[in-house]
Structures are given as C-alpha cells and as structure tokens.
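Work the whole structure out from these sequences, hints included.
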Amino acid sequence: MGGRVGERAGADAVSAPLKPNVGRRHALGLLGAGAGLVAAPRWAQSLVAPQVDLHLPGGNGTRPTTDAFPGKTGMILQRSRAPLLETPIDAFDGQVFTPNERFFVRWHYADIPTSVDVRKFRLTVTGATRQNLSLSLGDLLAMPRVELAAVNQCSGNSRGLFAPRVPGAQWGNGAIGNARWVGVRLKDVLDRAGVMSGAVQVRASGLDQPPGDAPAFAKSLDIAHAMDGDVMIAFQMNGAQLPMLNGFPLRLVVPGWYSTYWVKALDRLEVLDKPDTGYWMDKAYRIPTAPHANVAPGAKDFPTTPINRMVPRAFFTNIADGAILPRGAPVSLRGIAMGGDHGVKAVELSVNGGRNWHAAALGADEGRYSFRLWSMRLAALPPGPCTLAVRCTNSAGETQAFAPTWNPSGFMRNVIEQISVSTA
Amino acid sequence: MRRAAFFTFLLIVLGVFGWRWLAHLPPRVTETDTSVAAAGVTLNSQTLTLPADQIAYPAGPGSDVLTTNCTGCHSPEMILNQPKLAADKWQATIDKMRKAYHAPLAPADDARIIAALMALPAQRADSAK
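Chains as they are written, first to last, in my numbering: chain A, 1 to 424; chain B, 1 to 129.
Derived from the structure by calculation, the hints contain no laboratory data. Small disclaimer: the values here were computed from a predicted structure and weren't measured. Heads up, some of the hints might be wrong.
One-sided excerpt, in silico: chain B residues whose CB lies under 10 Å from chain A [as the list claims (entries may be wrong)]:
#1 THR67
#2 THR68
#3 ASN69
#4 LEU85
#5 ALA100
Derived coverage of chain B by chain A (criterion: at least 3 residues anywhere in the stretch with Cβ under 8 Å from a Cβ of chain A; other residues may be distant) [said to hold, decoys possible]:
#6 29-38
#7 42-50
#8 53-65
#9 106-114
We treat Cβ as the ideally placed atom computed from N, Cα and C, and that holds for glycine.
Okay, here's the thing in structure tokens:
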C-alpha cells in the first residue's frame, strides 16, 4: 500500500497543483459533509451563524462563528470580551498569507484601544538609554524599512486539544496566521536612543489597559535578541495598515517566537538594566524546561523558563477529520506548514500510521519564518477507513512526533496532525 | 578673485555630491487631519466599536453570582467554553484571579462561585465526558 502511494506521490508531487484544484465551494462542502462544520440546515445558513465543532477531547468544543467584530469575517468566537477570535482551518486553504480579515485575535484585558489618532500617537523609548525618544508615526515611516514574512502563533494555540484538558482559552488549531510585515528594525529604533552598556532587556507594552490593580501586559526580550536585526516594529500587515484588533498602529514582530512577545498597539519600549520580574515574564507564559516542554499530567514544582521559540507544525487545510472521499478516485491533499524558528525543509505524509512517509510538494519559499504551502496527490486511498498523518521537518532537522506534549498551561502543542477519512 | 574661485569650487562640490546627499535624505512625511504618510505607506486614524457580549450565562440559580463576580473583567464565554474541571481546579482559577489579577472577589463567596460554576451545563456530571 505504502509503496503504491509513494510511487504515485513521487510521480505527481512535482506537478501537484498548489492552488486549490477543486472549487472553494466543493472544498467547503467536503468539510461540511465530513465534520458537520455547518450545523444549521441549508435554508437557515443565512440567518444563523454557522457553528464550528473544534472536536476537543471530552467535548464542549462547539463554537459560533461571528462577523460582529469590525474588520473581521467568519471568525470562531472564543470570547467576546476581551476578544478571542479564532481562524477556521479552511481559511488557510491554498494561500500562504492569512488575510487580515481572517487573522486570529487575542487580547488579555477588555480595555483595548478602540481609537487611534495617527497624528497624536507616540512610541516612547526610555530607561537605560543615552536619550529618551518620543517617536511619531511620521518619524517611523521616515526610517529605513524592512519586510518579513512571519508566522504569528499564540503560545496556547491548540490548548483545547490537550488531554487531559487544561484551563485557559480553549483554542482549536486556529490561533495562528502568517503575514507579510513591513516596518522598521527594533535595532534601528534602539540605536537611535542609544542603549547603555549595562542594559540587559527591552520591555515592550501597548495601549491596552489592565482592570483595577491587575499587572499591565508587558513582555521583555534580551538585548541581544532585540538587537538581532530581525525583530521589527511593524506598521503594515499584508500590504495594509494593521487592523485595530491586530495591534494598529504598531506591533512588535518577533519572528520565530510565539506571539505573546508580539506586543500589539506598541507604544512603549523600556530598556532595562535588570531582568524583567513582572508578572507576564516571571509568572505567566512559562514552560517546563524539560525537552518539548513536556511533563507528566499532575506534575508540580518542575523548573520553568519563559516560553520562547516556536517548533515545526503542519496541518491539512482542505480535508477535515471524518471526511468521506470518493472511492478509487485521486485525492488532492493540501495544507500549510511552518518550521518554527527555522525554515521548512520537508513536509511528509503517511497513510499507514507513520510506517512510511512520502514527501509532499512545497509551495514558494517566502522565508524561514513563513508558512509554506504543501500539496500531494494520491492516486487513490486504500479501501476502508484510513488515517492520514502529516509532519514537517525544519532546516535544523527538528521534526514532529506522534506523542503530544503536555504541560499544565497548554503551551507549545506540535503533535503530528492526523485525520481519519474513509471512502464511499 | 579668491571669492569667485571659492564659489566655483562650492558649485562643483554641490554638483557632484548634492544629488547623492539628496538621495539619502529621509522621505518626506505628509499629514492630513486623519493620516500620516511617507514613502508609499499611509496610516489612517481608526476608530472601532466593539460588539456587546455575544452570549450570556444560562438562566439558573448561579447566573447572578457569576455575573456579579466575573463579568467585570471578561465575557461569559471564557467560563462557558472551559472543559469539565474539578472543584479544586476552579478554586485554583479563582485564586489566580484574586492573586495575580487582583480581582475583588470576597473569599466568603468562593463556595457560592464554585457551586455556580459546577452547575453550568458543560460542567455537570451528566454532560458528555
């Protein structure tokens, strides 16, 4: 079985189309038929927001979709306030960049910026610097520009799929997106202020405000990281200004790292001469130091470190778990992959539980921090039920495993994705 | 005579280096009442109206206690979407809200809050495991 699929895959992979070769309607139809994504009867779909079943283990995984948030369409509603909006997996299908109106949204506190006057907005740089800065958007637009494609993924993406389950935002796999970011280097802004020799970290914070005495959201990067020339202050996302809900007017972009560091509505940089001991570095967003941030369920008092770089992942985007596919007919499989903090070297598929792997065709290389599209055409699926698995290996040789990571915060999931399909 | 030579020299220097110098000037920034633009990027002021909370707590004896204690900081979905959690896990969450986020939760209310949480549809013993 594996050999036959492999032959076909090998022959077809090179010419496999990366654009969807079935119409969008048909692809969505497959999703709907397979997974019951569309709960409302057909006649009622224009009246009732479709429900999405995230298939969370143990249940309670059904969510409404919403168009109620300005600049966003067809988002999975995880929480109204502070907004948590998830991207449905089919929105990633066939495109390497995630459209701004489908890009996931995650705020910690309800008091988020709802109005920004671009003439009045200032980004301040203070602390262990030769001079404090108060930069207007005009100042930043006049500086040398950089452009970078990079994946933005929530630390807790896929938390809802942890077993045993853990409390927190119950995301499926869609707290992730890829965009082309344009802005200025954080290094250039820090150089303009002049970082003092004893500085150790840079703390970034934005316009969102905590309730009462809660700790203001702020995240810190080591100086060497902040000055590496890749970390940027973005004012454009996919060729447009950032949506308010994604951090207009400025957002820190920390390529290869989880989005907790990608501070939205960035208006303050503080150069620190001591490590940041604030709540959001010292208590929250910490992972076990154990390999793959993995500990046994129930473990306590293990050493932790602030979450940091991302790890490889790959997803199916055109066929959902439970899909019923035509018997004996060729099957086109497509998806997205990311290498974490290194580029995607290979995406491979297995139809026999990982005994054999077959290389998928890769789409255009948009850089080491970007999604990469993958595709594969199978001559036919084996008869009966079949489990498809997809894994990504990055250019540092890091790959994915069948055994999922577990930790009590629900961070860093990157298990090999599997979908069960059958033919009829 | 020396002055004329000086100006001639200056003109030559400007002619040779002036263009290169101009090319290194930062791009001109233009502003309107609602926008800032330079070198092909325009940023427009934005205002956004956020929707009201989309989902309420289901009617029941506990909905008041949850509305009173939890709704100040977040909408009900945060609780309604949680997996089935044991009472000690809910207590840990209340402790976190109180300690980490300084939520004004009276310790005397903990038992009532936990009872209300455990009575939610997704938390009841008879709900899907």
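A quick look at each hint next to the structure:
1. THR67: 13 Å, violated
2. THR68: 15 Å, violated
3. ASN69: Status violated, d = 13 Å.
4. LEU85: 6 Å, holds
5. ALA100: 6 Å, holds
6. 29-38: Answer holds; 8 residues pass the 8 Å Cβ test.
7. 42-50: Check passed, 9 qualifying residues.
8. 53-65: holds (count 3)
9. 106-114: Since 0 is below three, the answer is violated.
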